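Q: Below are the chains, spelled out letter by letter.
2 protein chains.
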Amino acid sequence: MNDLSAKIGIIGGGQLGKMMILEAKKMGFYVTVLDPTKECPCHSICDEHIIADFNDREAIRLLASKSDVITYEFEHIDYKELTLLENEGKKVYPTAGSLKIIQNKLTQKMTLREGGIPAGDFIQTESVEDIYKAGEDFGYPLILKTRTGGYDGKGNALIKDKKDVYDAFISLGGGKIQLMAEKFVNFTMEISVLACRGVSGETKVYPVGDNRHIDNILHKTVVPADISEETTKKAMELAEKVMNVFDGVGMFCVEMFVTDKNEVLVNEVAPRPHNSGHYSIEGCAVSQFENHIRAITNLPLGSTELLRPTVMVNLLGEEGKSGKAIIEGAFDALKIDGVKLHIYGKKNTSPKRKMGHITVTAESVSTALKHAEEAFSKIKITAE
Amino acid sequence: MNDLSAKIGIIGGGQLGKMMILEAKKMGFYVTVLDPTKECPCHSICDEHIIADFNDREAIRLLASKSDVITYEFEHIDYKELTLLENEGKKVYPTAGSLKIIQNKLTQKMTLREGGIPAGDFIQTESVEDIYKAGEDFGYPLILKTRTGGYDGKGNALIKDKKDVYDAFISLGGGKIQLMAEKFVNFTMEISVLACRGVSGETKVYPVGDNRHIDNILHKTVVPADISEETTKKAMELAEKVMNVFDGVGMFCVEMFVTDKNEVLVNEVAPRPHNSGHYSIEGCAVSQFENHIRAITNLPLGSTELLRPTVMVNLLGEEGKSGKAIIEGAFDALKIDGVKLHIYGKKNTSPKRKMGHITVTAESVSTALKHAEEAFSKIKITAE
Chain D
280 MNDLSAKIGI IGGGQLGKMM ILEAKKMGFY VTVLDPTKEC PCHSICDEHI IADFNDREAI
340 RLLASKSDVI TYEFEHIDYK ELTLLENEGK KVYPTAGSLK IIQNKLTQKM TLREGGIPAG
400 DFIQTESVED IYKAGEDFGY PLILKTRTGG YDGKGNALIK DKKDVYDAFI SLGGGKIQLM
460 AEKFVNFTME ISVLACRGVS GETKVYPVGD NRHIDNILHK TVVPADISEE TTKKAMELAE
520 KVMNVFDGVG MFCVEMFVTD KNEVLVNEVA PRPHNSGHYS IEGCAVSQFE NHIRAITNLP
580 LGSTELLRPT VMVNLLGEEG KSGKAIIEGA FDALKIDGVK LHIYGKKNTS PKRKMGHITV
640 TAESVSTALK HAEEAFSKIK ITAE
Chain H
280 MNDLSAKIGI IGGGQLGKMM ILEAKKMGFY VTVLDPTKEC PCHSICDEHI IADFNDREAI
340 RLLASKSDVI TYEFEHIDYK ELTLLENEGK KVYPTAGSLK IIQNKLTQKM TLREGGIPAG
400 DFIQTESVED IYKAGEDFGY PLILKTRTGG YDGKGNALIK DKKDVYDAFI SLGGGKIQLM
460 AEKFVNFTME ISVLACRGVS GETKVYPVGD NRHIDNILHK TVVPADISEE TTKKAMELAE
520 KVMNVFDGVG MFCVEMFVTD KNEVLVNEVA PRPHNSGHYS IEGCAVSQFE NHIRAITNLP
580 LGSTELLRPT VMVNLLGEEG KSGKAIIEGA FDALKIDGVK LHIYGKKNTS PKRKMGHITV
640 TAESVSTALK HAEEAFSKIK ITAE
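Residue numbers (the numbering used here), protein chains in the order written: chain D, 280 to 663; chain H, 280 to 663.
One or more hints might be untrue.
Where chains are identical, the list cannot tell them apart; a pair therefore holds if satisfied intra-copy or between any two copies.
[Unchecked claim] In silico BS3-like pairs for lysine-lysine, Cα to Cα no more than 27 Å straight-line:
1) Lys317 x Lys286
2) Lys317 x Lys345
3) Lys649 x Lys369
4) Lys441 x Lys462
5) Lys513 x Lys657
6) Lys370 x Lys614
7) Lys286 x Lys603
8) Lys286 x Lys600
9) Lys455 x Lys442
10) Lys442 x Lys369
11) Lys614 x Lys286
Calculated directly from the structure, the hints in this document are not laboratory data.
Source: prediction; values computed, not measured.
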């Protein structure tokens with residue numbers, strides 16, 4: 280048995296899984312995917328596809344029986360199942376222990392705090408009274424969050440004023456779901472730093488990306504972020520520290536805020552390759568997906584060097600369009616210098632669904648931005 | 280129907296097909312492959328795999344019925360079958376007409392000569408007497424070639440002296456196979472230039488690669504080749520001219536000789552992505568495989584700019600080892616700066632079989648060469 284003969288199992292067959300597989304296949308790995316959707320993005324490029332629910336215990340065990348190492352493309356998985364596999368000697372990366380802490384945003388933040396990582400003020404809230412109390416302590420606006428299960432702004436509520444507390448509490452389950460409150464950070468930029476850590480502790484940190492959101496969904500990532508050398512250094516050091524605090528193995532994304540005082544605060548950590556790291560496929564010597572595969576199969580990590588300024592723009596399903604997806608404008612977009620097109624192969628589109636992305640490399644950030652905006656304006660994702 | 284919804288059919292499921300599919304899948308294309316080997320490199324990453332012989336007429340028609348455009352990864356296909364498909368309105372790229380001329384090395388050379396492209400002296404030989412005559416006209420050493428079917432030195436014989444003519448004639452079929460003779464070119468370097476041409480005639484030419492062979496099989500390609508600007512320009516212009524002469528659509532590889540007088544002569548043309556173009560995956564803005572897919576689906580071609588000096592080294596099966604392949608040394612190879620590993624996923628190895636390749640990028644050719652040699656020395660492809 281050698282490293283390249285390791286069989287990889289991935290829980291989740293979406294675009295992140297797909298981009299992992301495209302790298303894994305380049306190196307000849309055997310990959311099995313678990314995903315309930317027959318025509319998911321991974322379906323046609325994996326060796327085996329187990330069509331079952333993500334929390335189907337039998338299916339997870341079947342995946343494990345076909346794999347030497349298990350990984351996942353999203354963090355909303357029952358860590359207890361993964362712990363059982365680990366107890367039976369199966370390799371799971373990131374580990375069930377890392378996942379358990381990170382998937383609960385309260386324990387995530389507590390661990391960051393204990394690790395000496397600046398992450399802003401937060402408090403667990405068990406009742407609506409606790410939220411009022413948090414408002415008094417932190418002031419308004421206040422962020423209310425579900426501790427688990429949120430993504431792309433879902434599971435978050437911005438409370439602008441004391442009188443909105445109750446509505447926010449109700450909108451996030453009214454006590455049925457565990458919540459936490461966070462002090463609002465008046466940031467000047469949202470950045471993310473991807474980092475990869477091997478089984479041995481070897482860590483590689485990617486350049487800093489400047490993330491621009493629209494309606495709480497990532498719209499684009501610009502790399503390198505327009506921040507000082509000092510702030511860049513601080514952010515990259517924080518990311519490396521986060522990897523150690525969580526004992527991470529594989530790719531992690533550390534989302535951070537930069538404040539007007541050039542403080543850098545960790546906002547959230549994702550224990551997986553991340554949308555804001557898609558730029559690395561064309562932008563870096565070794566992409567987040569290849570390094571993830573290298574890390575979980577215990578191969579040496581590759582260089583995260585930025586080759587050229589790079590801009591990534593997400594392609595979302597158009598508003599008001601649902602059904603079998605049609606991608607329009609590829610010809611016009613690809614006519615523009617430095618444009619690469621990634622289409623995930625989801626059969627159906629719906630409003631704001633992540634259907635693909637554009638990456639543009641150029642000699643300067645401003646050119647890359649200009650070309651990215653031009654290309655983005657050409658593409659429409661509609662339905663039949 | 281839009282460009283990205285085109286379904287692609289590929290004849291041949293080897294490593295070239297695999298690397299085409301990895302690019303096609305990134306853009307969301309649907310791909311069907313025709314290959315007789317169930318566990319061929321393309322098997323696990325294509326949408327459909329028709330397991331049948333390359334010349335199985337029914338299978339080719341089935342492939343066509345599932346595809347909007349047909350391409351191929353090797354040139355030894357019956358062009359008549361492809362002509363039939365074209366006559367029925369199916370798109371085949373490169374066209375059956377291009378393939379017909381190119382797959383016969385005599386008509387290939389005649390077409391080059393008619394197109395005003397320097398390609399060295401050659402003559403068709405119908406008998407052993409014709410070969411003696413060629414020896415008198417061109418002198419010795421003389422190259423004897425089968426007109427069709429050769430690759431990696433197979434189908435070629437170097438005749439050092441008049442007394443070896445008969446043996447060479449016998450070794451290449453003794454009259455059963457059509458032959459041609461070529462004047463030996465005393466070259467100082469074998470180079471190749473990849474070029475891609477779209478349906479509209481748009482052409483992109485790649486940087487010049489310096490090819491080093493061992494036992495007539497490509498060992499490594501070094502890019503950029505260490506030749507003068509003038510010779511580089513000449514070679515790139517020749518490649519573009521070749522694309523027009525053959526009315527090429529898709530990726531072509533133009534192999535050339537550079538003589539001690541800095542003449543550039545075309546040796547052979549391959550109507551497909553080529554081993555000597557593998558460096559473009561990491562070395563260029565857009566790889567030969569992505570541009571091939573763009574060309575045959577009528578999308579705009581991408582930049583062929585060299586990002587950094589790049590060296591590609593082939594990984595062949597070890598001598599004396601046949602059977603289920605084992606790849607050793609990946610860990611040590613990937614520890615070296617700038618190394619990327621491509622393993623084709625062929626189940627079985629045999630001596631000199633192309634099993635994978637290494638690509639190394641670096642700030643200078645000399646560093647890339649040093650790291651490539653180091654990485655190459657680590658990897659062994661043996662059998663169970």
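Q: Confirm or reject each hint.
A: For each hint, the structure was consulted:
no.: 1; hint: Lys317 x Lys286; verdict: both (21 Å within a copy, 19 Å between copies)
no.: 2; hint: Lys317 x Lys345; verdict: both (19 Å within a copy, 20 Å between copies)
no.: 3; hint: Lys649 x Lys369; verdict: neither (47 Å within a copy, 38 Å between copies)
no.: 4; hint: Lys441 x Lys462; verdict: within (14 Å within a copy, 91 Å between copies)
no.: 5; hint: Lys513 x Lys657; verdict: neither (37 Å within a copy, 37 Å between copies)
no.: 6; hint: Lys370 x Lys614; verdict: between (45 Å within a copy, 22 Å between copies)
no.: 7; hint: Lys286 x Lys603; verdict: between (33 Å within a copy, 16 Å between copies)
no.: 8; hint: Lys286 x Lys600; verdict: between (39 Å within a copy, 24 Å between copies)
no.: 9; hint: Lys455 x Lys442; verdict: within (21 Å within a copy, 94 Å between copies)
no.: 10; hint: Lys442 x Lys369; verdict: neither (51 Å within a copy, 67 Å between copies)
no.: 11; hint: Lys614 x Lys286; verdict: between (39 Å within a copy, 21 Å between copies)
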